[in-house]
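**Q** Residues per chain are reported as follows:
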Amino acid sequence: MLPTRGQAVHSMRIFPMTSKALVVIVFIASGFIAQSAVAESCANLQEQFGDKHVSVHCGKAPSAVFDTQGRLWVAFVQNKHVYVSHSDDAGKSFSSPVQVNKAPEDTEFNGENRPKIIIASGGEVLLSWTTKTSSNFTGLIRFTRSVDGGMSFDAPRTINDDELDTGHRFDSLFLTDSGNLYLTWIDKRDMEKSLEQGNEYPGAAIYYTVSKNLGMSFGPNHRVAHNSCECCRIAMAPHGDDKVAILWRQIYNKQIRDHALAILSPEGEITDIKRATVDDWYINACPHHGPSMVQAKQEKQYHMAWFSAGDLHKGIYYGRYDLAKAESSQIIEVDATPGAGHPSLAQYGDELLLVWKGFNGVSTQLQLMRSRNGGESWASTETLLSTEQASDHPLLISNDAGIYLSWSTEEYGYVFKELSHDK
Amino acid sequence: MISNGIVNKKAHFSKSLAIGVAIFYSTFVSLTVRADNIQNFNMQSFEQIKAQYEGKPFVVSLWSIHCAPCRVELKLLGEIKKTDPDFPLVVISTDSLENREEAVEILANYDLQNIKTWMFADAFVERLRFSVDPLWHGELPRSYFFNDDHSFESHSGVLTRTQLNQRGQSSLILPNQ
Numbered sequence: 004m005l006p007t008r009g010q011a012v013h014s015m016r017i018f019p020m021t022s023k024a025l026v027v028i029v030f031i032a033s034g035f036i037a038q039s040a041v042a043e044s045c046a047n048l049q050e051q052f053g054d055k056h057v058s059v060h061c062g063k064a065p066s067a068v069f070d071t072q073g074r075l076w077v078a079f080v081q082n083k084h085v086y087v088s089h090s091d092d093a094g095k096s097f098s099s100p101v102q103v104n105k106a107p108e109d110t111e112f113n114g115e116n117r118p119k120i121i122i123a124s125g126g127e128v129l130l131s132w133t134t135k136t137s138s139n140f141t142g143l144i145r146f147t148r149s150v151d152g153g154m155s156f157d158a159p160r161t162i163n164d165d166e167l168d169t170g171h172r173f174d175s176l177f178l179t180d181s182g183n184l185y186l187t188w189i190d191k192r193d194m195e196k197s198l199e200q201g202n203e204y205p206g207a208a209i210y211y212t213v214s215k216n217l218g219m220s221f222g223p224n225h226r227v228a229h230n231s232c233e234c235c236r237i238a239m240a241p242h243g244d245d246k247v248a249i250l251w252r253q254i255y256n257k258q259i260r261d262h263a264l265a266i267l268s269p270e271g272e273i274t275d276i277k278r279a280t281v282d283d284w285y286i287n288a289c290p291h292h293g294p295s296m297v298q299a300k301q302e303k304q305y306h307m308a309w310f311s312a313g314d315l316h317k318g319i320y321y322g323r324y325d326l327a328k329a330e331s332s333q334i335i336e337v338d339a340t341p342g343a344g345h346p347s348l349a350q351y352g353d354e355l356l357l358v359w360k361g362f363n364g365v366s367t368q369l370q371l372m373r374s375r376n377g378g379e380s381w382a383s384t385e386t387l388l389s390t391e392q393a394s395d396h397p398l399l400i401s402n403d404a405g406i407y408l409s410w411s412t413e414e415y416g417y418v419f420k421e422l423s424h425d426k
Numbered sequence: 153m154i155s156n157g158i159v160n161k162k163a164h165f166s167k168s169l170a171i172g173v174a175i176f177y178s179t180f181v182s183l184t185v186r187a188d189n190i191q192n193f194n195m196q197s198f199e200q201i202k203a204q205y206e207g208k209p210f211v212v213s214l215w216s217i218h219c220a221p222c223r224v225e226l227k228l229l230g231e232i233k234k235t236d237p238d239f240p241l242v243v244i245s246t247d248s249l250e251n252r253e254e255a256v257e258i259l260a261n262y263d264l265q266n267i268k269t270w271m272f273a274d275a276f277v278e279r280l281r282f283s284v285d286p287l288w289h290g291e292l293p294r295s296y297f298f299n300d301d302h303s304f305e306s307h308s309g310v311l312t313r314t315q316l317n318q319r320g321q322s323s324l325i326l327p328n329q
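Protein sequences, first through last, are from chains A and B.
Residue numbering for the first sequence follows our numbering, starting at 4 and increasing by one per position.
Residue numbering for the second sequence follows our numbering, starting at 153 and increasing by one per position.
Some hints could be false.
Stated by the list, open to error - Computed footprint of chain B on chain A, listed as stretches where at least three residues anywhere in the stretch have a Cβ under 8 Å from a Cβ of chain B: (1) 339 to 350; (2) 375 to 386.
Claimed, not checked - Partial list, computed: chain A residues near chain B (C-beta under 7 Å): (3) PHE140; (4) LEU217; (5) ALA299; (6) GLN301.
What the hints assert, rightly or not - Below 27 Å or equal to it, Euclidean Cα-Cα: the simulated BS3-like pairs (lysine-lysine) are: (7) A:LYS105 - A:LYS196; (8) A:LYS196 - A:LYS215; (9) A:LYS105 - A:LYS83; (10) B:LYS227 - A:LYS257; (11) A:LYS196 - B:LYS227; (12) A:LYS303 - A:LYS119.
Derived by calculation from the structure, the hints in this document are not laboratory data.
Note that beta-carbon positions come from the ideal geometry of N, C-alpha and C, so glycine has one too.
All chains, please: the whole structure from these sequences, using the hints.
**A** If you want it as structure tokens, here you go:
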């Protein structure tokens, strides 16, 4: 018999799905859909309002964040524009989208590349995204902000400071408690330079910059590391009040694409660069599969979830990285089923949640695993939703009230749903 | 004042002109759309491809406009195809059809624009990937060596000429370089 949803965590085993389990899951999923009844497919909306209807349910690659007042904000891409929409009822209804960039840009929108949005405590709406400039992997890191509560936005600015027509993509944005705004991305300026000199350069590099005035201006670009993988999102988490930890896919020994972690300071000081996962994924290819990371309650420790098809680990993994020891522990295989991918982690109190996508040949399953003790043990996998249509990577976000799922789907539209407070 | 007759005549003329322009335009547009050799890759496509190569070996290369290492592989495949136009090569882009023009432009850079290639025609990419190989995680480039009996070997990452030669020894005759 399956454990009920309220049952205490007692093991970290992952049960194979039985037909009985499937029935229970379908039942849970149907309840889930009924609860998020407002989510509406874009197809339905376009039937009502026409093909050009701009909506959070039609937009591509959305990101979500709460402001300090509990208002939910979502940024998404539609027809070469970034839009922002907000919700005062946790995603049941949304405001009319506001266009962020007036001039159209070839804004990247895919699982690994999406607009990022953060709301500062003073209400400033801060946004970054990547704009593609050619079909040869070139792009610009763009940033803008609104100081009137998201009604209007400054003209977007380019943040990479090299003025080179090369790759600057896969941006990530993070605001520390002390008010330092970190923007990090994958950069190909060093690769270009190396190739010009006739030297090989595996992959790309990780760069970042910091703004100490909420994006009015940014400091210089700093290089974190050479030879990163060139096509995976970067995960960010706080480190103290002032600094951040970042986790990215790095190339080791020219051939292995595992993960590295580093601590970045607002002054450009980079410390603790260490290999954080040892999966031995020998691959000269684009995994398009970035990691997820949140700060653990234990000092200087980080929860990580990632994907690998390496010699040592194949599938989705969870592990806890300890900065002091410079090693990962509590590593568990979350899902090694073919088709499983794109994990996202979030934490609320003692509860740690991990979602990812599975695929069984017919439908995509949105999978969830819960830990109530900081990743020491995990309850068995729950299937939250299932769809036989296209869907984005699932994302988890948290605030001081709980953990929420943000997931763009063709079938249900944009799904936003509280997952914590296990009922 | 212009009489009704003239107005009608004018209206008739501009209507004919409009239809003419429309016919010309649609012919032109449909011609330009069909000017490339890209086929829609749907749930049936891989079975159809295998049927076309019944009893014969072939190589499959999957790529995307977003994948930098894929360009290295496309270059090699373009060279091989140039040396041996009959090389049994199936090239599939995992990008959506919205990116068709860009895909064609890239294929042309490697002299692959004149061969029949495929492009994912369904936003539900997981399903299409599964139809090729349930064990493939979506990393690119991804390739397959199908033997006569359609047993196959898979490979993730850029193919090298040596790999193509070695893997192809049993059933594929590869042009030498």
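**Q** Sort out whether A:LYS196 lies within 27 Å of A:LYS105, counting only the CA atoms.
**A** Violated, at about 34 Å.
**Q** Can you confirm whether chain B covers the stretch 339 to 350 of chain A, using C-beta to C-beta distances below 8 Å and requiring at least three such residues?
**A** holds (count 3)
**Q** Check the hint pairing A:LYS196 with A:LYS215 against an upper bound of 27 Å on the C-alpha distance.
**A** Distance of about 30 Å is beyond 27 Å: violated.
**Q** Hey, does the A:GLN301 contact hint survive, CB to chain B under 7 Å?
**A** At about 32 Å, which exceeds the 7 Å cut-off, the nearest Cβ of chain B leaves the hint on A:GLN301 violated.
**Q** At a threshold of 7 Å, is the proposed contact between A:ALA299 and chain B supported by beta-carbon distances?
**A** Cβ of A:ALA299 sits 28 Å from chain B, so the hint is violated.
**Q** Check the hint pairing A:LYS303 with A:LYS119 against an upper bound of 27 Å on the C-alpha distance.
**A** Holds, at roughly 25 Å.
**Q** Given the proposed pairing of A:LYS105 with A:LYS83, does the C-alpha separation stay at or below 27 Å?
**A** 10 Å, holds
**Q** Please verify that hint: A:PHE140, Cβ, nearest Cβ of chain B, below 7 Å or not.
**A** Holds: closest Cβ of chain B sits about 5 Å from A:PHE140, inside 7 Å.
**Q** Are three or more residues of the stretch 375 to 386 of chain A within 8 Å, CB to CB, of chain B?
**A** That given contact is violated, which follows from only 0 residues of the stretch 375 to 386 of chain A lying within Cβ reach (below 8 Å) of chain B.
**Q** Between B:LYS227 and A:LYS257, is the straight-line Cα distance small enough, at 27 Å or below?
**A** 21 Å, holds
**Q** Is the hint on A:LEU217 kept, meaning its closest Cβ partner in chain B is under 7 Å away?
**A** Hint on A:LEU217: violated, closest Cβ of chain B at ~32 Å, above 7 Å.
**Q** Compare the distance between the alpha carbons of A:LYS196 and B:LYS227 with 27 Å, and conclude whether the hinted pair is satisfied.
**A** 23 Å, holds
Going down the numbered hints, you'll see the structure goes against 2, 4, 5, 6, 7, 8, while the others check out.
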